[in-house]
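Undergrad: These protein sequence lines are chains A and B, in that order. As numbered in my numbering, residues 1 to 487 make up the first sequence, in order. As numbered in my numbering, residues 1 to 819 make up the second sequence, in order.
Hints are all accurate, no fakes.
Stretches of chain A that chain B covers, calculated by requiring three or more beta carbons in the stretch to come under 8 Å of a beta carbon on chain B:
#1 219 to 227
#2 257 to 263
#3 466 to 478
Take a look, some chain B residues computed to stay more than 12 Å from chain A by CB distance:
#4 C36
#5 E51
#6 E208
#7 D254
#8 P273
#9 R369
#10 E394
#11 E416
#12 S486
#13 S500
#14 Y505
#15 T664
#16 G671
Since the hints were derived computationally from the structure, they do not count as laboratory data. Beta carbons are placed, not taken as given, at the ideal position from N, Cα and C, and that holds for glycine.
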Amino acid sequence: MMSKHRAACGSRRQFLERAGLGFGGLAASCLLAADGGSAARSNPFAAKRPPLPAKARSVIFLFMHGGPSHVDTFDPKPALQELDGQPVPESFRSRDFQFTKMDRVPLLGTPRRFGRHGRSGLPVSDLFPRVARHADDLAVIRSCYHDGFTHITGQNWMNTGWAQVGRPSLGSWIVYGLGSESENLPAYVVMLDGGIKSGSPAYGSGFLPAMYQGTVLRSEGPPILNIRRSEPADPQRQRLLMDKLEWFNRQHLARRGEDTDLEARMTAYELAFRMQASAPEVADISSETGATKALYGLDSAVTRPFGKQCLLARRMVERGVRFVQLYSGGGNSGGSPGWDGHNQIDYNHETMAAQVDRPIAGLLQDLKGRGLLEQTLVVWGGDFGRTPFTDGSEGGARNNAGRDHNPYGFSVWMAGGGIRGGKAIGATDEIGLNAVEDRVHVHDLHATILTLLGLDHVRLTYPFQGRQFRLTDVGGHNNLASRLVAG
Amino acid sequence: MPLLATLVALLAASTDGFAATPGDAMGVLMDRCGGCHGQAQIAGLDIRTREGLLRGGSRGPAIIPGNAEASLLYQAVGQEGDLAMPLESDPLPREDVALLKRWIDAGAEWPSDQVAAAADDWWSFEPVKRPDVPPDPTGWSRTPVDRFIARTLHSRELIPVADADRRTLVRRATYDLHGLPPEPADVEAFVRDESPEAFEALVDRLLESKRYGERWGRLWLDVVRYADSGGFETDIYFPDAWRYRDYVIKSFNDDKPFDRFVQEQLAADQIWPDDIELRGSYDVPEEKLRNLDARIGTGMYTIGTVYHEAALNGHQLRYEWLVDSVDVTGEAFLGLTLGCARCHDHKFDPISQREYHRLMAFFAGSEIRRVPAQHKMSELGYYSAYPRQLKVFEYQNAIKALESTVSKRLEDSIAEGFDAETVAAFRVSRAKRTAAQQAKAAVLERALTEAGLRENPGGRVPELPYTQQERDRRRTLVSKLGEAASRANFELPTATVLGSAEVRYPVRMTHRGDWKSAGEDVTAGLPAALGAHAKPRTAGDRRALAEWLTDQRHPLLARVMVNRIWQGHFGRGIVGTPNNFGRQGDRPSHPDLLDWLAAEFVGNGWSVKAMHRQIMLSSAYRMASAADARNLQRDPGNRLLWRMDRRRLDAEGLRDAVLLVAGTLNPKMGGRPVLPPLSEEERLGMWNLDAWPESLNPADHNRRSVYVYAKRQFPYPMFKTFDVPDPAVSCGRRAVTTVAPQALTLLNSDFMLRSAESLAARIADAGDAGAQVGRAWMLALSRPPTPTEREHAAEMLARAGAREFALMLFNLNEFVYID
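So here's chain B without its partners, still in its complex pose (with noise of 0.2 Å):
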């Protein structure tokens, strides 16, 4: 056998232990073959029916059912032999080969002799039809989502395993919903609390606490690409852009209907407009305060990457703008990656190259403006900001004063290595000098300037000899200052937001997405394809595309946010794929419940909680996270959700975490980023050390992660390490990786020494060893030790003392990872 024939027929018999459903094929052959073997019927082939196939094109039949190794299609898919499909593009990927030869080996079923999805009816473009709840006769189920689980259970011959223990879940359920693990004593209440309905009351009682809005705010954030930076060289500040995270943050704690909160973050400046342009200080109707609060979601499209440095081109930044809010609209609204046809059609998804030209031109007549964000601001108060604007000037000069000191010593010490006549020289002011005094100053004026200290013409800067006081000092001095211009108000507070622009340019075609090539102009207008919907009721603006995608009918907005929610749950989405419901993203694992999800979102007027509790509320939630063998062999992915996937936390979930059972977490909400300290180590990596000016409170390092410096291009470390997605683009859903520098960091890090240093402080009053082994037990994994493991632990904690006890606990699988 050929080698690549023996590889695909390992992977074949590797892959999940599936049997390709038919749909999956159906999927692939439409996908791959459709544009030329489907309606185009090109060499006489016909892929849209199992007739088409068996009766097979030019070259005779396409599939012979039984029997790939003899079927033309899979020969031709595979690269093997001399006809080599598809033609022009890249070959299918292993795993779909693979699936096309275990659907034509089990007998190329084909669920009803219908014609496949013709190129723009794919799944996701069709309207939500509410499907039937299926019964459940086993009576696993508890609710409607169980039921649609158990049926493709059932199908499989796969079953659910057994509901997890208590202490599992108010664990799964707090750091899913507050991004936390519980404290003692709410697992200790919920572990006794002997009612039916204690899971449902512990789910509400999490949904109401604002630790909520915390962690679902920073799930949407990653979706809308947030950063306080611009990124690129000039990595410009976005001063207000926290606002937009506190907006978001308090949107999903007032469970703000989603569909008023695509329409504020799209367009509330054209749907509640307002001339909150306000300069000075007087009374605004309440009303208007409102609005600005709707107006600040517009944020989202103000804190996407700027490339600064090319603003000699005013044209080139605004075209990336329009290009930016685009891919963001699309993959967060519409969950459809858009940006390949900023250069030419789509090819997989039916958006040409126009129709994306077309909707950037939805935002062409918009621009990013600062508007007052108070409505009342005495001119007192203004004025009695001044003593602070002092401040700033104050550090400014201690700063100077310190460097000059500095380089004071470095010059002095340059100068010892002169002789004594040449310094003498170099001491006369240069007027005076003579030349023969002039001609010896000029060797040291020389060394000066190539260590810097005087102006040269590489730009050279010097490397001055801090002492390690000088140089502590100078941090301070820096975060004194950052914290200094932070509090000044040289201006009214602001926020950033987007606004009708004065000067409306047109929006051309362009050559391969280069903004210089400008062809035609382009008006605004909805891709056809998705259209059919509905007309919006007003045109050409944001509001119109605000209204078009919050319509009721639209088939994507709710199906992707419901599908967010679930993976917010269970790790993965039922699409797999949460930013591409295309061709190129997966398909549903559960179909009718995601429809079903979708038509009960909408249902109860978009409230993003209620989808929570209709969720976790269910059987399906509350499975332990347990092995069971034999499932394990028919699904080993655990696609169908036989169980419950464990999964680890995430980078802001785990600094929380120990932050939270350090007993160091400082609850307080909103306002600008805060800067924990970095390690010299860590900050060797940057291009400006003053970039990361240390929050002056060290309070403020102990803020939670969603409030910690968003900086593009200097990720906070920690996070960096732990998956923290780029924020260049949308993320849907986070990379999960295992490597070694996170065990550097979770082992060595200054900040996991000092967190280590608190939890050993926090357990030291529980009593004798075993007592405060309970005590760390019950806070970091909210359980008590079993006896084996108490033995162990205060035998770890008399030697190595409770600093490296603690430090354990963090290093623990068991605390890393949610059963």
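Isolated chain A, as found in the complex (with noise of 0.2 Å):
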């Protein structure tokens, strides 16, 4: 037995060192995969049983594009509407904003109304009427902070825990930490509805090895790239191919002998032609019900985009995909706004709101009904927050009624994952600029989200330039997991 074992991590050790994996990280997978067994042996991403007791096992990460308004949305600031129109009081004017200068701008108030919602009485606008319902479900922590007030700083900080390009992404870790439950699709997806201002390296695999990099799919078409050849092709010439390009590569090991290189490659041959198969299945929705399709608003045209990608999230987690990471209001054109109102905040939001929140509470219902909210943590973010007061980028005049980023405080909820909901955590400052109590940085957002899946933030590294990675950096000190998990 010991012996066996022994193998495994032997010619693991040399074909993860060739992979380019390194020496910690080998020790990690060895230690994580005692239990594996011989999936570990051929596959880096086998399932591996997490270090600590987790409560969830996957992760579904709704990504509003452009930053949402936390002042309009989920934390409401009383204060903010007396003095809306007011200058900013000097005592808060200190911050950097990308195009704001706060001593010109007057405070904005919110057009929204705030409900108390469930039994929980959890305060959401009305923004969010359907999600509003799910209220007892959703921890919002209302102090989350980084210090990224551009877009992509603002993205590589929530993604990938630094402002700069380069390091991992969250789904790169976890996969990294956990493996994968699925062999025939990948672990780690990412739904972009277009593309994203921050690019690949929002779902990069940063220093790690590529294998842990996030696989984009779409929603419509076919689903991954290169999934099938953008002609139509004879399956039986393409299985005859297969079955070629494995006779001689078979000939070429045994020429050879033992080298797990090359078997590896053989075998992403074989998942990749599995995935041929389950990929368009995982994103063929014709056997939902029409009642379920209609949950995640399906039949709008305005719900429809943002429902599908809710859907296939809930189908890919039933199928074992570790990390799914949604995006709402991406695009190609290099201008769609997304979630970004610098102008007319409260058209622009109406807007995004009414494309989300019907799928978004749907999914939270599917889920629900299904069994799988206990064990997916649902979380939903953007790049930050927005300003209390208006956009400067217009001279900051009053009738442009936007707002500018803030990374300084904004909300962030999560939902399932063991999560028992209906409260908030922490608290912005009286006009909602900066988070002021029981502060949350994202290294602590990261933290706590690694803890939920069972992985030890401080012991999840990857050595790099002679240094021993973590996603949380040396921060992660204000982890909630336990908090709220607890009643």
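Starting from the two chains in their separate frames, assemble the complex, guided by the hints.
TA: Put into structure tokens, the structure is as follows:
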């Protein structure tokens, strides 16, 4: 028994080392895979038992591209309403924003109404009437912050825990730590709704091996890049190609003796072949009932695009995909603002919220109905929040009624994954500018997510540039996991 | 046994089968324990000698030779018992714990009772000492390189495998030096050449080809984090980056002495100053031109990431540029990751935060500048470019016209959904509408606004219903526009280089690397731990830094570069972490060999080509990649080089090999980056579709990969799939991964299908199926098929057609891996 495991680790060691995984990564993988047996030998994605007790098995991260306003959605600020139109009080004026100087713009109250919802009475604005019905499942973290006040730095912070490009994304770390539960689908899937400003680094593997990067899945058309040819292909010929390829590769291998690299590449072809069947299957929603489709808003042109993403997300976590990230508000024209309401934010947010409210509520309800919500952590957030004063890019005139980016205090909510909802954690100041109570840095958010998945954010490391890197760098001290799961 | 101990034991038993060498154990001890238990002797423990360990500290002996389990040191680093070490730092990696265990169990042998390296004399900071070449009584050795390797192999009772056969060798050498497979005729010529100098002649021939610079230039571009755009949201285009790329390729082809190459990149403008910033058209002496060529080398410092959208704050941009400049200098030339010291004193290497800032100060007097890159630009030539500028407007207008046609159609189709009265009201010009008409028209206006067809508060952009034909036309127009713009000569040709800044801002200490927290001023200066060998003649500018770095006595520059060259031939350096020769990096597997090569390198006038010859003519380089059960057991990772490691082609090598074998490779060199077409699917991941204006000339689609547009926010998808590194920072060694999307790319992408078609056409006239197979095999695999292979392949060719057959060839492990 011992020798068997030793052999597995020995050949894995070579394999991983040549695969660029290095020593630290190897040790972690080997330890994590100690119970993985033979699966671990051939497949670096084999599911690994988390080192700590896990609440959640998968994550669905709903990313509102452009930066949704917290003071208009999940963080009511009565004082801001009273001060509407007044200059920003002196005591707040020490922050940098991309377009705005704080001494030149007036405060801007929200035109939205906040209601108290569920047994918990959690406040949610009327931009999210349907999500509000799930108030008792939501834990709103109102004191999030980082310091990236432009889109790319904001998206990098939220996705990779660092402002600059080059760090692995949250999903990559998770798959590196936990492997995949699916044999036929990528472990980490991203749906973009077009392109996103921060581009592929937002779902890239940074300095982790590229196999941990997110795979882009499209909700319409061929779901995965090159999953099939752009022209009709003859399945018989393709089958023959695969068979012959296998035959020649076996001959090649036999002439050379054991070589884990060559074997791994043959395995990758088998997986690719299975994916050609399973990826279209997961993207094909014809087997879903009309009621389910309606739940996600597939019956309306407004809600259909994001609704389909949400439905596919459920189908994927059902099939063992570990990390799914959905973007609302991407585009291909270089001009779609998404949630980036620099002008007329109310019009912007009303438009955007109308696209996602029903799908997100549908997702929560559907996951719950299928018993998946307990093991699926749903996270809602964006690049950052928005300022409580008007945007300064057009001179800060009151009539543009928009809001600039605000990374210094904003809201993220989580649901499912063992979380007991109906609560708000932390607080911004009276006007919603800075996180002041129970401050939760992005590192803390990430630490929380990793902990809920059973990973130790301090020990999940990878050696790079002479250092053991962590997703949470040297932070993550305000880990909310135990408070989120407590009643 | 506790779980952890069990696992540690398993791992201990499962690692390479190496005995732990005393040197390794000393390394771990000094790295991780030496800070407190070295000179400082905290708790009375001094780990620098075997005596010290046996004597131990206040808790008693640290080690009991032969019994790790009972040794306090092992218990402490294994985090067992009440003493867990190191304090306030990450625990040791499992393999280091295992290594210490093996070393203690084996008797804790210590080479001699010398004191282990003190904190500031780490091996790589010591001067290079040219070691004596050891003898090799076995006769295996061809060159001095082999004698070093043979000695280590011998000491571990490893036996090198036999030479590779000629076909393998020519393939290996051609890929290594050109990044391409050999042409069949060259393979046959080499196989037939029976002269003992055949291989030497081959290497010389390969080194003379211009293909060499394209391959080795690309490797260097990884090291200097080359890209054609600045990254982040704006991802600004660097219009002159390609000149630096061409400069690199040419430098390798010319075998420019490496010290000169370094000097040029760091400080050509200061070492060979001139006033090249000339506008207009007059003659310039040749020397000035040469100096300009050299100065393009400083382009290295103009191609880093630019956080352009933070341009509201020039100070931040400047600070980030200084940081990037120091970091890339450290990794590329010193093989040290200095970045840690931006925020605090380096924890492992002897670089303080102050010293890091002092390095920044070398760059503080400099700025990025565009200078004319052409000495004689006649006025006539300049103004004759005017019609080409008109072309730009022509295409811009054509795109606008197309967009407005499609917008109009969308508008009409929206209007169709309304009653005739509303549409009629809408058609009346706004000023002439009655109130009733205005009310009716407003409804339609709102619908148009929501569709993004009118200026709208959300800034919504319409989704225009292009037909396929219109979409294609728009793409062509965008390509034409891109092409026209690049030919338009809006300005004189320029190069982007470093120059002296008009205003020299002081460099100030920061708190934890935050540019806003300016502390005291810092002057330029060299790190004390590295600076012992030489004092630069000049002070304070990049020139001084360049002189110091390229001083023959510098401990790092030559070692770091020969290690990179070695890695290019063996897949792994003598030091496995080419960008980190510090304490957190790997130790050299063959320290004497590394030093000998470094000394040779300097002795041969820093000739990179001479170093290739030195390495490639060895027996070590010529070994087969064969397995050997006995050796595998003793050294499964092949760290000691008893065979050649099998290597997968890198992204560029793979694409270029496909193009060459398909017969479509366009060998044209240099110039602006080229943009091969993307499939519709590939384009969908882009934030802005217009950011990839496909090259108009189809011949440019098949240029070598080193010339493909390196866009930071959107790397060419095939490259990304095959592990091209993110050029955010220097990359010393690429990861090699094997994943399913690679298979999908090679099986289904448009590029591969086109290439398979070309190969199919190329072999069509070879004769019958058997002959076609033979031709294809020679082109793709550099060998004839065996009779059984020929039979299987011919059968497939008949049943699946030539294209599928060609595609299969491109997917073979034998095509993608080099023995």
